[in-house]
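So the protein sequences, as listed, match chains S and B.
Note that the working numbering numbers the first sequence so that position 33 is 33, with each residue one more than the last.
Note that the working numbering numbers the second sequence so that position 26 is 26, with each residue one more than the last.
Be a bit skeptical, because a hint or two may be false.
Stated by the list, open to error - Below, a list of computed lysine-lysine pairs in the DSBU-like style, where the Cα atoms sit at most 35 Å apart:
{"no.": "1", "chain 1": "B", "residue 1": "K233", "chain 2": "B", "residue 2": "K172"}
{"no.": "2", "chain 1": "B", "residue 1": "K200", "chain 2": "S", "residue 2": "K32"}
{"no.": "3", "chain 1": "S", "residue 1": "K143", "chain 2": "B", "residue 2": "K364"}
{"no.": "4", "chain 1": "S", "residue 1": "K307", "chain 2": "B", "residue 2": "K27"}
{"no.": "5", "chain 1": "B", "residue 1": "K54", "chain 2": "B", "residue 2": "K282"}
None of these hints come from the bench; they were simulated from the model.
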Amino acid sequence: MLFFVVETVIKTIVVFGVFLLFCAYLTLAERKILGHIQVRIGPNRVGPWGLLQPIADGLKALFKEEVVPERSDKVLFIIAPMISVSMALCLMAVIPFGDHITLFGKKINLVIANSEIGLLYLFAFASLADYGVVIGGWSSYNKYGLLGGLRAAAQMISYEIALGLSCVGVIMISGSLNLVDIVKAQAGGHWNVIYQPIAFIFYIICALAEINRTPFDMPEAESELACGYNIEYSSMKFSLFFIGEYAHLMIVAAVATTLFLGGWHGPYLPSVVWFLIKTFLIVFFFMWQRGTFPRLRYDRIMMLGWKVLLPLTLANIFVTGLVMVLAR
Amino acid sequence: MAEVRYLTVNMGPQHPATHGVLRLILKLDGETIVGVDPVIGHLHRGVEKLGEVKTYHQNIVFTDRLDYTASMVNNLGYVGAVEKLLGIEVPKRAQYIRVIVAELQRLAAHLLWLATHALDIGAMTVLFYAFREREEVLNILEQLAGARLTFSYMRIGGVAKDLPDNFIQLTKDFLKKFPARIDEYETLLTENIIWLNRTKNVGILTKEDAINYGVSGPVLRGSGIKWDTRKAKPYSSYEEFDFEIPTGTVGDVYDRYLVRLQEMRQSCRIIEQGINNLPEGKIIADEARITYPEKDRVKTDIEALIRQFKLASEGFIPPPGEVFHSVEAPKGELGFYIVSDGSNKPYRLRIRTPSFVNLGAISKMVIGHLVADVIAIIGSIDIVLGEIDR
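Can you build the whole structure from these sequences, using the hints too?
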């Protein structure tokens, strides 16, 4: 029992620390990648290759003045970024980031919580994270914020359905909601992406909408809503939203790896390395497409979600079921 | 029945996508626009009034600041009007140089439009690509005028300086690679399904409306009307150049986008012809009472010194009368109306700026669309607040 507690605490601290570090450096990576796509250099002043830039950004945010609008709903206004970031960080708990290692003669699974309903947990907490955005926009007593919050509510809820449905095929194949089991079922090159290629594409599209990235960055929509839900946020509260966003980005990439790309499986290299490689490839894709696509319009996004993705993901489930029955 | 209440949103004057200090009072039903009320005047500097207390030469620098993305063309419009008032002939070489720089300026202005328009719709990368090329155009113009934004390169009766030695070569190099760069933008946008979604059938301005609202430039041509001041009322030898007027069919944001891209290609053609057929000769008319003498002569020749002094201190006195002259600026038809009372300053200087008139049609375009479309439509009208507020 004691060993279990110690093991979990250590794993939590390590994963939490590393994960936050990754999130911080994702901002740098994004700026560098976008920089190279856009024939410019990106940050290069703070440290070699701008490596200290995230730290400088964080410090700067800390020292900025905290502004809480006079007529905002102050409690909710302050809680909103906390919800956003903490829920996003909680998601990491069930992601299996590696096989298992043996330390002091004990087998340690490289996942914080090997939950039987890992996937449900993921969806539940991902939905909770959206409340941060919605409440943040709503409580700031700003019309742009309100519009951003409204869009966030509508968009995230409608895409969550398609997102969930796109994963059902995987659940059907592996017969489990446990993420570790899902990964284990993909051993030996039987990656789910081979059996569920369409679901994978749908998942990526829905994930983009879920984490508010271009071309679905409606709640923010820099040019029309002047940053939308986070328009009134300053200092560390703003940074928290940002960290939450990047944490969410990492998570959806990690989940895509887990569900479709065989998780930690891969030859030669240690399992953790394989997991990170696959995750960052997807993260890179997310950043790359940001440099390519314009922003969709709000009503088109809703149309795509309800009229295209929802029926197609349902059809995918149906076909998957049909094939499974026929192949048996 | 419950009372319908609309949400009033102030878009601007501080807003990242209203291209300056334009303020739009939007009435929203959800996200649908039911009313729009543009409020202008935040950038008013009184250029027209200032024109009445400055001599004709001094006014050239103010025209730079109208549409600051196209100061060459503004210069051209103003000096053209004064020349018409004076009735002087501009040397052929100066006319050709004017055409070349005006078209280079049009490229720079359209590139700036493309960059910001694409950014407004979310295509961030196009911004940097277009700025890369704009930088090259500005470098070429910098060789010529020493400035990069406010050139003040034109003079009444000609231009300030002859082309520098490397100008032709730089321009040729640029023209060689630029069409491929336009193709690059088109790859990113023209057939991009999201771009089509955002721009097709958005902000339609029908032919009739376009005429009734008096819009000009790419906005008018996007609605399918073949009107270009360069062809309709040629100035500065434009009649000797061979180019087409691209037009749209529907009059939506997408058509205006295509028209401007085509115009860039046409501008390349004009510049090329200008360079190839550039005549030799003087770059400024030799009118002792109107144009400045050459700088070298001022230092050695007493008559030239007196001429320079008289022009700089007093200016020249045109005959009384009034004149209207318009040119095709990147944004549309830019007109100058000058009334002279026989003194050394204009009695009235009225400027007909295309952005001001084009903005007037905005309510026709945005009502019934969504908030996101407002941004796309403002971008497609291509307004510059410097010339709306003057």
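Straight-line Cα separation of K143 (chain S) and K364 (chain B) no greater than 35 Å? Holds, because 24 Å separates the two Cα atoms, which is no more than 35 Å.
Is the hinted pair K233 (chain B) and K172 (chain B) satisfied, with a Cα-Cα distance of at most 35 Å? Measuring from Cα to Cα gives roughly 28 Å; hence the hint holds.
Would you mind confirming whether the straight-line C-alpha gap from K200 (chain B) to K32 (chain S) stays at or under 35 Å? 33 Å, holds
What's the verdict on K54 (chain B) and K282 (chain B), does the C-alpha distance respect the 35 Å limit or exceed it? 28 Å, holds
Under the criterion that the straight-line Cα-Cα distance not exceed 35 Å, is the pair K307 (chain S), K27 (chain B) satisfied? 29 Å, holds
In terms of the numbered hints stated before, the structure departs from none.
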